[in-house]
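Take these sequences, add in the hints, and give me the full structure.
Counted the way the numbering used here counts, the sequence shown spans residues 1 to 108.
Warning: the hint list may mix true and false statements.
As the list claims (entries may be wrong) - Label-pair restraints from in silico Cβ distances:
| hint | residue 1 | residue 2 | range |
| --- | --- | --- | --- |
| 1 | VAL47 | TRP86 | 24 to 32 Å |
| 2 | GLU29 | TYR82 | 30 to 38 Å |
| 3 | GLU107 | ARG63 | 53 to 61 Å |
If you are wondering where the hints come from, they were derived from the structure by calculation, not from laboratory data. All residues carry an ideal CB built from backbone N, CA and C; glycine is no exception.
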Amino acid sequence: MSAVFEVLALPARQAIVERLREGPATVGELAGALGLSQPLASKHLRVLRDCGFVSVRADAQRRWYELRPEPLREVDRWLEPYRWMWEERLDRLGDRLDAMARHENEEK
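Listed below in structure tokens is the structure:
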């Protein structure tokens, strides 16, 4: 588990993972979207690939990188015992927002 957090500790890698949520991208697309040089983007992608966060497929001269869900599922499983800490608060927030909306509608 600590390896997962180490990989995602760098903001550039977090940004790459966030961008890949939208779908596959090439190194050039990722570098351009995130303001990174292509060699630096390639370096981060190699780390993400080696740790299983992304897969790569060649298409002629281009390499397409795609997010893999398995490492994120590992984080999700690790977080499961802690969800109660925020789920109850989110439920209360939802109830409060619903009450505010009802009150606003009643005033109209």
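Evaluation of the provided hints:
{"no.": "1", "hint": "VAL47 x TRP86: 24 to 32 Å", "verdict": "holds (29 Å)"}
{"no.": "2", "hint": "GLU29 x TYR82: 30 to 38 Å", "verdict": "holds (35 Å)"}
{"no.": "3", "hint": "GLU107 x ARG63: 53 to 61 Å", "verdict": "holds (57 Å)"}
Checked against the numbered hints given earlier, this structure breaks none of them.
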